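Asks: We have chain A already, so just place chains B and C on it with the hints.
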Amino acid sequence: MDVSLFVTCLVDQFWPEVGTAASLVLRRAGCIVHFDARQTCCGQPAFNAGYRDEARAVARALLEIYGTRSDPIVVPSGSCGAMLRHLPELFRDDPGAFPRARSIAKRTHELGAFLVRILGVEDLGASFAGRVAWHDSCHARRWLGIEEEPRRLIARVAGAELVELPDREACCGFGGTFAVKHPEISVAMLDAKLAGLRAAGVDAVAGSDVSCLMQIGGRLARERSPIRVLHLAELLAGDGAAAAPGGPR
Amino acid sequence: MAAPSEARDEIMGRVRAALARVPIGPALPWELGAEARSPAPPGPPLDLDGKIARFRAMLERAGGHLHFAGSPEETTNAVREIANAAGARRILHSEDHRVLLRAAALEGEFTWVPHDEERAELLTCELGLTAAQWGVAETGTIVLESAAEHHRLASLLPPVHIALLDAPGLLETLDELLAAVGSEDPDDMSRTITMITGPSRTADIELTLVVGVHGPRELHVILLRGAGNPLA
Amino acid sequence: MTASGPPASFAARARAALGDDRLRQALGKATALFAARRRTALAEVPDWEELRQRAARIKREALNGLHHYLEQFAANAETAGAEIHWARDAAEACAIVSSIARRIGARHLVKAKSMTTEEIGLNAALERDGRLPVETDLGEWIIQLAGEPPSHIIVPAIHKSRADVAALFAAELGIPPTDDVAELTRAARVALRQRFAAAELGISGVNFAVAETGSILILENEGNARMATTLPRVHVAIVGIEKIVPRFEHLAVFLRLLPRSGTGQHLTTYQSILTGPSAIVGDEGPEELHIVLLDNGRTAMLASDETRPALACIRCGACLNACPVYREIGGHAYGSTYPGPIGAVITPLLAGLERGGDLAFASSLCGACREVCPVDIDLPGLLIELRSRVVEGRRRGELAGGRAAAFERRAIATWAWAMASPRRYRLLSRLARALPGPWRRGGRPGRLAARLIPALRAWGAARDLRPLAPRTFRDLWREDEG
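Residue numbers (the working numbering), protein chains in the order written: chain A, 105 to 353; chain B, 45 to 276; chain C, 147 to 628.
Excised from the complex, chain A in its bound form:
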């Protein structure tokens, strides 16, 4: 199956390993991965901050790239995936753009959901020795209804022991510009989440969104915590030797 990989701007700039891992995993699952180098960003940061025109300007570029294709668009991010699903709403007053926006929305899938629901693949031949907590990102869980899928995938990672966090649906506190507009609240929410994480005694925390992982990883790094931070794609790509939380490589 041909798929288009939309890596997201955060992955491209801060965590390219996720993109590499995602394309590796998709290939292992039998896909031919296309990457259009013209892609930039889905526009969500502007949209969530109330800048609709700017969000449209940025997202318009995606309509050009993906709007008339027909292959699935796979995104290693719940929040960007949710944003792409929201494009028809963003362009509802633009009859020229609307059909392409709708086409994109219908073909967009978050990575884990794509593997399990569309490809029916759960075993990627991965391995990871240790206890892994799964962080449900808010957009993945509440907007895209993704909860089962990453857990099924992790269950097939040899050696990985999935640990459920108490209060697992609690937000990590990132929320886009919220993280810097209201940093104290953001960190208070983060620490509430991390209390559960620390108490769970895990080797790593994994998630579907690098935005959440940068928030969590940033705090863990500041505390010199040994807990590693992994994206789902990295966990499934298999050797478990992912980057240290937040710090330089």
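It is worth saying that the hints were derived from the structure and are not from the lab.
Here the structure is a predicted model, which is why all the values come from computation and not from measurement.
Heads up, a few of these hints could be off.
Which chain C residues stay away from chain A? Per the calculated CB distances, all over 10 Å, these [stated by the list, open to error]:
no., residue
1, 310
2, 500
3, 538
4, 608
5, 615
The calculated lysine to any residue pairs, modelled on SDA-like cross-linking and capped at a C-alpha distance of 25 Å, are [to be verified]:
no., chain 1, residue 1, chain 2, residue 2
6, B, 95, C, 412
7, A, 285, C, 554
8, A, 210, A, 128
9, A, 210, A, 221
Heads up, the beta-carbon is just placed ideally off N, CA and C, and yes, glycines get one too.
Replies: Leaving out everything else, chains B and C in the frame of chain A:
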């Protein structure tokens, strides 16, 4: 009809203007039909035993007590026992005929204070006795209607409340209750319909539950089931 | 609309709340308890989602047909003997209540818990007239004695310890201090009974108003609303126009949803369904029932398709208990009658973007509120809509934003300009890697960088920065694919 007012005209004008572009719905624009009613509870309708079991479970969960009586004597005895256990001497009562029968039967044993006594008198009563016109098994609720008896103070002021409920008045669902007490003709409805589920409560101080705040701290329902008219 | 907090900004009030350990502990306990009880209560209702959708439909119908239902309610309530008053704003509503109190010569007034009466600042207005009403809900009375606003919709005095309450009661009632909560409650019962007995006027809000019958429904646990609407000769009920539901039978849906959503109870202890003043047919209870229908910004919310759904709120409190922001900062930080997610939406809409606009940004948009809302209000969507109105307002010069807002606008504009073109994006990408700075180093931003770029300082206070990857994914792909 109240005199037309500037404020009314302005508010209604704004409401109409606000909704001017809202499309009118299908056929009957202002009627929501069966879809708006609550979905029926799963399973077939409960029989009386089923209703009683459910009513008891929900009433007790809310902190109320259920007693059974199968005859007029049993009803009177139950009232006496509960009142004695509560150490009540003065009983505030409604004018429902079943309540008045107990007032007569227990005349010498307690002081019976009718609902239309002086306010100061009412506040000294330790127990209130009323009937309940309906029960709702779904929620363990008793329902008192002002058209049937003056219940508001007798079921609220004293710290202990006993309500006499006839088994045929026990309904299964809230929907049935509202159908029973509601009416399209406002003149047909009781002015006050009071739904009571257990004793009064609060957790306002440190989330610590305290039973018995402004309303009663004890609620007893005497359910009458049996042959004939046992509450009579 | 009256703001109940001190005049500092939301950010300042939130910071203060975060520093109050006792408050945070109390909030954490309350919200966790209610949220857990809600989950248990829901598990018992097999068709919860369907019930929720019905409620949403009923509210949508009520709001879309409000011109019909509002008049129907008023007509039926009047037929039953109630007197209907119309109040365009808070001042008018307070004036109506004051004039009723004056006419009947009421010296003693009692009040059941009502957010609507707080919204219009009723107590302050009556106090100016020399007629302060006594709050009779235990939690509301406690904070009235303390002179503080509520910190939670359901348990307004949750921030007060039993020792605090004992001290308040000792001062007010002359009783010896005790830390027995049951004893404190008994003391309140005795004291408030005297007020109920003496009161000529009882004031309440209303949970639902039924158009079909002209009835009002009040839910409660303590019994104080029953007392306040039975003992005094006159009862005044303040009703926001959005409280209307079309038919009597609709109440069953909301009775199943509201208590479970708010506290996890399957039903609150008392429901009072009142249709007209009871004494005029010889019943106990008030001789006069006055219903004040309140606009105060609701018609403006009604007028916009985007904001109309926010009027469906049944004030259950579930969104507060679910909100991770509210859990950390509590109600006072919102500086408004209505806190939490629903407060962040309706405060700017009722009080104006100028006063309430910053509340729209007091959220990480996690969506927990929408998930628990029994009438399925899209709260995150509404917050984004409000944010875009604030941004537009600032752009047009209608809203003051200050330097920070202007800086943000320029930053986003620049960012969007770069992101909209692959060529500019690549250029910016290379530029950022050429400039030395914390974005390349990672870790803690240095003092100079933090001073120049507020976002860096905000992030870096408690979190390390993840550095830009030396090579982007695009670079890696190009190398791999050749």
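Asks: So if I understand the rule, the pair passes when the alpha-carbon distance is 25 Å or less; does residue 285(A) with residue 554(C) pass?
Replies: Since the Cα atoms of residue 285(A) and residue 554(C) sit roughly 10 Å apart, the hinted pair holds (cutoff 25 Å).
Asks: Closest CB-CB distance from residue 608(C) to chain A, is it above 10 Å?
Replies: Nearest chain A Cβ is 4 Å from residue 608(C), so the label is violated.
Asks: Against the 25 Å threshold, does the CA-CA distance of residue 95(B) and residue 412(C) hold or violate the hint?
Replies: 17 Å, holds
Asks: Mind checking the alpha carbons of residue 210(A) and residue 221(A) for me, to see if they're no more than 25 Å apart?
Replies: Given pair residue 210(A), residue 221(A) holds - Cα atoms ~14 Å apart, limit 25 Å.
Asks: Confirm or reject the statement that residue 500(C) sits farther than 10 Å, beta carbon to beta carbon, from all of chain A.
Replies: 16 Å, holds
Asks: Would you check whether the claim that residue 538(C) is not at the interface survives, using Cβ distances to chain A and the 10 Å cut-off?
Replies: The claim breaks: residue 538(C) does not keep its Cβ more than 10 Å from every Cβ of chain A (closest is about 8 Å).
Asks: Are residue 210(A) and residue 128(A) close enough, with their CA atoms no more than 25 Å apart?
Replies: 24 Å, holds
Asks: Is the claim that residue 310(C) lies outside the interface with chain A correct, judged by CB distances over 10 Å?
Replies: 24 Å, holds
Asks: Just double-check residue 615(C) for me: nearest Cβ-Cβ distance to chain A has to come out over 10 Å.
Replies: 5 Å, violated
Hint compliance for this structure: hints 3, 4, 5 are broken, all remaining hints hold.
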